[in-house]
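Engineer: Chains as they are written, first to last, in the numbering used here: chain A, 9 to 341; chain B, 9 to 341; chain C, 9 to 341; chain D, 9 to 341.
Treat the hints as calculated values from the structure; they're not laboratory data.
The model shown is predicted, which means the values in this text are computed figures rather than measured ones.
The reader is advised that the hints may include incorrect statements.
[To be verified] With a Cα cut of at most 27 Å, we get these calculated DSSO-like pairs of lysine-lysine: (1) A:K157 x A:K81; (2) B:K157 x B:K81; (3) A:K81 x A:K159; (4) D:K81 x D:K159; (5) A:K72 x D:K72; (6) A:K81 x D:K159; (7) C:K159 x C:K72; (8) A:K297 x D:K157; (9) C:K157 x C:K81; (10) C:K72 x B:K297; (11) D:K157 x D:K81; (12) B:K81 x C:K297; (13) B:K72 x C:K72; (14) A:K72 x A:K157; (15) B:K297 x B:K157; (16) D:K157 x D:K297; (17) C:K157 x C:K72; (18) D:K157 x D:K72.
Protein chains: 4
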Amino acid sequence: MNTIGHFFRFTAFGESHGPAIGGVVDGMPAGLTLDLTAIQEALDRRRPGTDPRTSTRREPDRIKINSGIFEGKTTGTPIAFTIDNCDARSTDYDNMRDKIRPGHADATYTLKYGLRDHRGGGRASARTTAATVAAGAIAAQFIAVYGIKVKAVASQIGRATTPEGMLRELEAARAAGDTVGGAVTCIATGCPAGLGEPIFGKLQARLAAAMMSINAAKSFEYGDGTDAARLHGSESLDTPTGLDSALHTSENHCGGILGGISTGEDITMRVCFKPIATMMRPVETIDLKGSPCILDAKGRHDVCAVPRAVPVVEAMACLTLADALLAARCSRI
Amino acid sequence: MNTIGHFFRFTAFGESHGPAIGGVVDGMPAGLTLDLTAIQEALDRRRPGTDPRTSTRREPDRIKINSGIFEGKTTGTPIAFTIDNCDARSTDYDNMRDKIRPGHADATYTLKYGLRDHRGGGRASARTTAATVAAGAIAAQFIAVYGIKVKAVASQIGRATTPEGMLRELEAARAAGDTVGGAVTCIATGCPAGLGEPIFGKLQARLAAAMMSINAAKSFEYGDGTDAARLHGSESLDTPTGLDSALHTSENHCGGILGGISTGEDITMRVCFKPIATMMRPVETIDLKGSPCILDAKGRHDVCAVPRAVPVVEAMACLTLADALLAARCSRI
Amino acid sequence: MNTIGHFFRFTAFGESHGPAIGGVVDGMPAGLTLDLTAIQEALDRRRPGTDPRTSTRREPDRIKINSGIFEGKTTGTPIAFTIDNCDARSTDYDNMRDKIRPGHADATYTLKYGLRDHRGGGRASARTTAATVAAGAIAAQFIAVYGIKVKAVASQIGRATTPEGMLRELEAARAAGDTVGGAVTCIATGCPAGLGEPIFGKLQARLAAAMMSINAAKSFEYGDGTDAARLHGSESLDTPTGLDSALHTSENHCGGILGGISTGEDITMRVCFKPIATMMRPVETIDLKGSPCILDAKGRHDVCAVPRAVPVVEAMACLTLADALLAARCSRI
Amino acid sequence: MNTIGHFFRFTAFGESHGPAIGGVVDGMPAGLTLDLTAIQEALDRRRPGTDPRTSTRREPDRIKINSGIFEGKTTGTPIAFTIDNCDARSTDYDNMRDKIRPGHADATYTLKYGLRDHRGGGRASARTTAATVAAGAIAAQFIAVYGIKVKAVASQIGRATTPEGMLRELEAARAAGDTVGGAVTCIATGCPAGLGEPIFGKLQARLAAAMMSINAAKSFEYGDGTDAARLHGSESLDTPTGLDSALHTSENHCGGILGGISTGEDITMRVCFKPIATMMRPVETIDLKGSPCILDAKGRHDVCAVPRAVPVVEAMACLTLADALLAARCSRI
C-alpha cells in the first residue's frame, strides 16, 4: 500500500516528525551511472524555505543512499535512501493534539487506526513528498536513457493562469491570511510508443493513480481533459499523418495516449490542487470528543500547494513512466 | 496488468470478436448469497440495443458462472464467469484491417505488440466493459452488506447538463453524423470511515486508476475537482461538526475523503469522456504503411460514450470500494 | 491468491464438481504461434482414465480458449481458457457431505470459510491441476522459444526407485486397498544464466512455492537437496571450469542455481508426495459435529499421486521459468 | 522482488559492505506496543561473533527505526529500519574481485547484471539476513497477539542429530579447514485454523518460498516431508479425533496443514542447508575471464550455516504467518 509500481517499484515510509523519511526503489536495472547531485537538486526544488512563496520550515533535506550503488553505478539491487527530519518542532503541534484540523486527515487516521501521530500531520504530511521527489529523481535518470524528459509547471493559481497573475493571487491570499488552489500542467516528451498496458494497466490509469496520490490533488486530466466533455468528435479529431516508430497526428487531443498506450507524441496532463486547508486565521472545529473549539494554527504552512507540488508531479510522472518502460520490455516475443 | 485490486481482485479477459469475454473475481469472502439476476440486470443496463441512444449491436450478454458459488453462496474461491460474443460480425471490419482509425488504439496496439486483432477494436473495444460491469455487480452485492450503495448518472453531454438538454445534444450529434463528449457523476453513499490507505493506496488514487481505465475517460475528479483550483481556503472549508463512527462536516468539498481515507460521508466523483472517435462520416487517415486513405466506418457505433458508461463507472467504483473494505479489515490489531 | 507469477501470471479457478475449471494467462508476449494440440496433449497426459495406474473418472478435458489468440498467434492480451467438468457424479459424495475425510481439506475449508463445496473436494480437488497443466503447456511454448525444455519423471514410489519396482509398489498398494507415496524428479535444460532475482525472488524460492502448491506435495529440493545436510564443503564442491554466457562447473551440486540466479546449467529439482489420503477401505473419522463415524470412500481415487503429478510438476516449472524469463528482461539498462 | 508478503509485506535492501542494510515492514496493523528490545535480542542471536561456532566478523547490529512507531505503538504506517554496516573490511576482498568463488553468486550476479558489488558477496551475502531477522522479530510480536509462537532448532549437522554429535561435526569440519551442511527444524505452535489460501496461496507454498529464500537452503519439508514418499496411506493416517475451532487428529503427519490451510495443530517444517561454500583452504577456480586460478579465501567465514540460520528460519516463518493471519481476516463475510 505504500508501494507504487509493478516492475519499477517505490516503497515509501516516514512521518513528518519521525526520525526520517525515505524509501526503497526496487527494480532499477543495473548499469546506470547515478548522478547523486541531480537527486539532491530535485530535493532542493521541493524544499521549504527556498522560495518566498512556500512554508518557512527549514530542512536541509540531505539524501543518504544506503544500498544499490557500487562505484557510482546501479547494481540491480534495491536503492534505499533516507532523509533525516531535522527541523521538527513537535511542540508547535501540542495544542492541536486533540483537535481536528478542518480539511486534514486527523479525523480519518484516528477513525481508521484508532490512534495517530498528530505531529505535523504524521504520515499524511506533505513532508512525505520529499521521499517521492527523491525516488522520482532516480527514475528520471533511468527514463532519460530512453530520451524521455518530464517537465511540469504551475499553470493556474486561483483564477490566474499567467505568471504575473499567479504571483498576485498568491500574495493576495497570503495577505488575507487565506490560501488558494491551483493547477500543475505536466508534459512528458520523448516517450516511445507502446508504453501502457490494456485495460487496468492503461498508462493514463497509472498516471492518474500516481497524481491522485499527491497531497491536495483533486483531479487528473490528460489530453483534452474535462474539456472533452463539451466537444464533438469533429472538434477533437487527431488525424493520423504518419506512422513510423510512433503515430503522428495533426493535433494531440488524445494527450499522447490511445487505448491506454502511448502514441510516441507528447503526453500531456493536468492536476488540480485544492487550497491548503490550514489557514493563518482561527477557524471553528471540534476536538476528538466532538466538542466545538477554535483552532489557531501555529506551525509553518504554505499558502498554495502548487509551487512545491511541481517537482512532486514530475516525480510521480517519472516513476510511472519508468514502470511502463520496463513493462514494455515484455510485450513481444 | 489485466488485474485490478489487491485484496478483492478482478482479472479480466476478452476481445470484441473473440469467442467470449469474462473474468475472475478473486478475494470475495465466503458466505454471501449471490443474486445472479442482479448481475444480469446490470449487464442489461450496459448492453447495446436496449437504449435508442446507443449502438445497435445486439448481444444477449448472458453471464455464465463457472466457479466459486455453491448452493447459491460464495465459497471464498474465485468466481469465474464468461459472456459469449454472439453477434460478432467480423466482416464489418475487413475494410479497416490495414487502416488506422483516428482516435482509436489501432496504431498503438500495432506499435506495441507488432500485431493486433483488428476486429471491432479487439481488446481495446468498449465491449470489454461488459466483463467489468459483471464483476462490478458482484462487488456491489458485497459492499451492500456494509450499507454501501453506488449510483452514477449522466451529468453532462456536450454543453448540456439538464436531462432534456443532454438528449438534444445527443440527437443533434447523431443527426450531424457527429459524436459528442460528456460526463458521468458518481456518488457512493453509506461508506464507513476508514477506507483507503496512506500515500499510494489513497482511496482517490484507487478510484482514479479505476475510472481512468474506462474507455474514452479523459479526467477524474472528486469533491470540488477542478473547481478547487480557483477557490480559496475560506471558500472550500469543510467545518467539522461531529465525530462518531464518521466525521461530519458542514459541507463536503472534500468529496468524502481526507488524506486518502474516507470520512464516512458521501464520496463524490466525476469522470469526463471524450466524444466517440468513430463518426458516421468519411474521415482522412493513413494505413499501416503510412499512406493517406479515407476511412468510412461501417459497424455499429454509439454517438456518445456517456449513456453506456454510467453502469461501467458504477462497476469500477464498486470494485474499488470492495477492495478498500477488505483492506480496512487489516488496519488495527 | 489464486494467481501465481509477477510478470507471467496465471490466475486459476474452479471446483471439482462446478461447471468448469480454467484460468487466465496474463503477460504472454505477443507474436507466439500457439500450438493448441500440444496443450491438449499435455492435458491428456494428466487426464484420469488414460493410465491403468490412475483414477477411473473419465473426463474428456477439452480445453476451450476464449481470448488472447488471433489467427493462431498470441496478441499480448490475456489468454483465458475453460475446461468443462463433464463426468461429475456429485451424488457419489452425498454420503460424505458431513464427514471429515482424513488427510483432506474438508475440515480446514469449513473452519476457514464457514462452508464448503464438499463434492469431490471442491477447490481442493486434484482435478484443479488440469487447469495448471493447460497453463503450463502454454508457458512451455513460450520458454521453448529460448531453448528451455522441462522434463519430469516419477523417480520414487514407496521404497522403489526403478521403473519395475515402482510399478510393483503401485500394484501392491492397490491390492491392499492402500495407497503409497512417491517422488517426482524434474530437470529444466537450456535455461539461460541470469534467471531469478535476489533475496525473495530467488529462483529456488519461486520454484518451491510453485511445487508446494501442488496437491499432496510434502517437500521441495533442488540440487543436492536434503543430502546437502550431511555433506562437507569438500564433498559438494562445484569447481568452476568455464564462463561464457553460462557458468560451467565440474559437477552440479548446486542444481543450476547460485545465489538464487540460474547458472546456465541444468536446473534439478525433486518433489515428494504423500500417499493419497483416500483409501479404498473403511476408516475411522468424525463428522462436522465431532461425532465418531466410519468413512467408506466411494468415488474414484488414485493409489498414488505421482503418475498424474508428473505433468503438473512440469507445468509448475514452466510457469515459474516463464515468469523468470520475463523478469530477466529488466535486469540491465 | 525484494518484497515478501501480500498483506504483511517486508521489503529488504542492502549489501554486505554498503552503508547499511535494512527494510520496510508495511501492513502492520495499528495499536501494537512494539518491544524494541526483543528485536535487538533477535538480532543479537543471529549476530556473528557471539557464538564460538560462527564467523568472527564483529558487527554491533544496532537497529534504528525510522518510522511507523508513535509513543511506543505501531501507527499502521510503514515501519522502516536500518542497520549500519560498521565492520566492513572491504579490502579483505580485493584479491577476490575478479575471481569466481565456487558455490557463490559471483558468476551469476555478473552474468545477470553485467557488474556486481564483489565485497563480501554484496547483496548475496548472508549479512542481509540481519534485516530479515529484524523484520521477523517485528512480525513475531504481531502473531504473538494471536497466541502464535515460532521456535526453530538445529536438528542436524553433517551426519549428527544429537546436540553433542552436532558440536563434534562442527569442530571436526573446522579442524579440517572444511565446512559442513545441516538442517533446521521449526515448529509454529498456537496457530489458529484457517491460515493459508487455496492453490497458489497454500500455507506450505508461502512457507517454502520464504525458507528457500534463505542463503544456502537446499530443501523445504513440512509434516512427514521427504519421508512421505516411502510411506503407505495406512502408515501416515491422521485420524480426526475432534473438531472445535481446530481440527484435532491422532497424529500430525500432515504438519498442521491440510489443503494448504492450517488445521490449528502444530505446523512442523524442516530446512536443509548446504555446507558453506567458502572453505579455509585454497581451491581451484577461474577468474572472470575464464582463466584457471587459485582462490585462497580471506575474510571471516562460518563453518556451518545452521547455527546462524536458526533465527533466520524463525524470522521467515513469522513473516509468513503474519501475512497469512491478515489474509484470513478476509475469508468470510
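Engineer: Looking back at the hints listed earlier, which ones does the structure fail to meet?
Structural biologist: 6, 8, 10, 15 and 16
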